[in-house]
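Residue numbers (the numbering used here), protein chains in the order written: chain P, 19 to 491; chain Z, -12 to 202.
None of these hints come from the bench; they were simulated from the model.
It cannot be assumed that every hint is accurate.
Derived contacts from chain P toward chain Z, CB cut-off under 8 angstroms, selection only [as the list claims (entries may be wrong)]: (1) Val34; (2) Leu43; (3) Tyr45; (4) Thr55; (5) Pro57; (6) Gln58; (7) Thr74; (8) Gln100; (9) Ala103; (10) Thr164; (11) Arg208; (12) Thr211; (13) Leu346; (14) Arg449; (15) Gly453; (16) Arg454.
So the derived list for chain P, only partly shown, Cβ under 8 angstroms to chain Z, looks like this [claimed, not checked]: (17) Thr35; (18) Val332; (19) Leu385; (20) Glu387.
Here a beta-carbon is modelled for each residue, glycine too, at the ideal position from N, C-alpha and C.
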Amino acid sequence: MKAETLYDKLWNEHIVTDYGDGACLLYIDRHLVHEVTSPQAFEGLKLAGREPWRRTASLAVPDHNVPTRNRDSIDDPVSKKQLDALERNVREWRIPYIKLSDERQGIVHVIGPEQGVCQPGMTIVCGDSHTTTNGALAALAMGIGTSEVEHVLATQTLVARKSKNMRINVSNRLAPGITAKDLVLHIIGRIGTAGGAGSVIEFTGAGVTALSMEGRMTLCNMAIEAGARSGLVAVDDKTIDYVKGRPFAPDGDGWNQAVTYWKGLRSDPDAMFDQTVEIDAGQVQPCVTWGTSPEMVVSVHDDVPDPADEPDPVKREGMANALSYMDLAPGTPISSIRPDKIFIGSCTNSRIEDLREAARVVAGKQLAENIRQAIVVPGSGLVKRQAETEGLDRIFSDAGFEWREPGCSMCLGMNEDRLGAGERCASTSNRNFEGRQGAGSRTHLVSPAMAAAASIAGHFTDAREYISADDAD
Amino acid sequence: MHAFTAIDGLVAPLDRSNVDTDAIIPKQFLKSIRRSGFGPNLFDAWRYLDAGEPEQDCSRRPLNEDFVLNRSRYRGAQILLARENFGCGSSREHAVWALYEYGFRCVIAPSFGDIFFSNAGKNGLLTIVLPVQLVEQLFREVEATEGYRLKVELQPQTITTPSGKVLSFDVETALKERLLQGLDDIGMTLEHSDLIREYERQKAAEKPWLFPDPD
Ligand code: SF4
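Let the sequences and hints guide you as you build the complete structure.
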């Protein structure tokens, strides 16, 4: 048999029929739904007089619009309308639903793995580009648009074209105190935001297997920011241990059968990739973005680059636009940039490990004077509870952080958690696009430890300065 | 879905790479539960001088005269000429709905965000990938010539420039068929219902843990 990549295996396993022109009808095992990209799909279904094909393959949760302070009432009438529409639709179609008041509620990409709803070997889609997060489980996880949401609801399939196989091989291990977020920002800085275009990226190598499942999720989460269709990490013991015992995970005989199958979810040793990029984890420094695209990233020890040094005229202009939007001058040391606000959260960095990492930095310290606001938004109610059990909420509150309810929050500011025009934020989210966190907002993407360090120092600084050596692993 | 056969349309150049879907339609407008009404907020933060909010009367808002689509020579443009990685970022189909409602029927760029590209094809918006050098040349021609139009024909897969030069482009066969006829994807897939059921039967036997409860 021809040697196959992990992506080849996942793809072939889900072909319902091959249309022969490059497009296939792919079966979808799991469909996650949130309030922003689904209302028009449900409406389309209804208008066409169709029914969901397999409603128990879906799971819906509100996350983008939800308030993170007081949950008793939703003040924004437009948000409320959208949240109500989701409730109405899931009730009408009897789609499994985790409602806002449920402790399991959270960001869709956090709760999928947390509940064991997303499992290795599955095809997983959601009307949301960061669905790629689930690739950490060796599942083929893809973001789709609203028309495709409707298509999946109605047929449990997707018409898709196979992407190319790309491998990013990370040799060596990250230095202590350097995180998966730094690694993925480093990778995007190397290959660019279109570096993975048309491909599914499999992350391999010692630097990847050494990551925890949470770290792998951070990595795959941002595969979309490298332009890829999805990201993947092969199954190993960590994967299986992670899934075991979760509410929706298989049990009994089903579990044993599943594990046997899952263990084969890795690329064959001689499988061919269309492209391989080698990354040395030992070279990765704490990263900070300086511009309006995730590829505009440097080490915290570097300076803001000068567009004049960029030979490509389109890129040069892009850099100049970004610097003017960010109100930064070329040559400014990154460590002299002073954020106004701190956001720790989002589907990239709101899992328990992320909160622990940030708490370790702020423990016993106080927010710097120039920090107007610092918020921690756990990825789910269960992450929140776990953090509270460990006393992390106290550590944050004592330092001056606000401890919030779960949701997307300031990652995109669809609820009231927004930056004002011109405000600068150290954010653990994934997009530093113009206006992403509020009209005129300025975003610097960093790891949780780096956001925490900036909150204490009042400017960007190497988080390792705040972690004692024996602690920094 | 809207069909696309051919257009002879005015071209507007958007000279920026990595135009993301947050820029095409900012998040505050995603709270709508409808498929329409996004046109006035296309490129909202670039197009207007004030901060846009949902359900606002956009005809009274101050325009950013520097933004390319606000220049009179590009009014009524149906073809958007763009740079690398157009439509990257969020999966929001609202970006395509906004472009379409504004009047665009075709976007030409060296590359597109994957999800955007696929969303466009579901809504009758033709996305054409051309090599960087050709796109660069079109940018020069559009900027040099007021009233610059292109004729885009899907059946022969050609673009004809005002000087009569004919460029050809690639398009996937199935997508082309759907666009030409304005076909509904779901209807076509449901013709394979028996294959989907057969797939489910087979997998339920092989991998029972994936089908824990009967539906
Ligand atoms: S946290 Fe941010 S990136 Fe993640 S799903 Fe929510 S809005 Fe999207």
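The hints, checked one at a time:
no.: 1; hint: Val34; in the structure: holds, 5 angstroms
no.: 2; hint: Leu43; in the structure: holds, 6 angstroms
no.: 3; hint: Tyr45; in the structure: holds, 5 angstroms
no.: 4; hint: Thr55; in the structure: holds, 7 angstroms
no.: 5; hint: Pro57; in the structure: holds, 4 angstroms
no.: 6; hint: Gln58; in the structure: holds, 5 angstroms
no.: 7; hint: Thr74; in the structure: holds, 5 angstroms
no.: 8; hint: Gln100; in the structure: holds, 5 angstroms
no.: 9; hint: Ala103; in the structure: holds, 5 angstroms
no.: 10; hint: Thr164; in the structure: holds, 4 angstroms
no.: 11; hint: Arg208; in the structure: violated, 16 angstroms
no.: 12; hint: Thr211; in the structure: holds, 6 angstroms
no.: 13; hint: Leu346; in the structure: violated, 18 angstroms
no.: 14; hint: Arg449; in the structure: holds, 6 angstroms
no.: 15; hint: Gly453; in the structure: holds, 5 angstroms
no.: 16; hint: Arg454; in the structure: holds, 5 angstroms
no.: 17; hint: Thr35; in the structure: holds, 5 angstroms
no.: 18; hint: Val332; in the structure: holds, 5 angstroms
no.: 19; hint: Leu385; in the structure: violated, 27 angstroms
no.: 20; hint: Glu387; in the structure: violated, 28 angstroms
Going down the numbered hints, you'll see the structure goes against 11, 13, 19 and 20, while the others check out.
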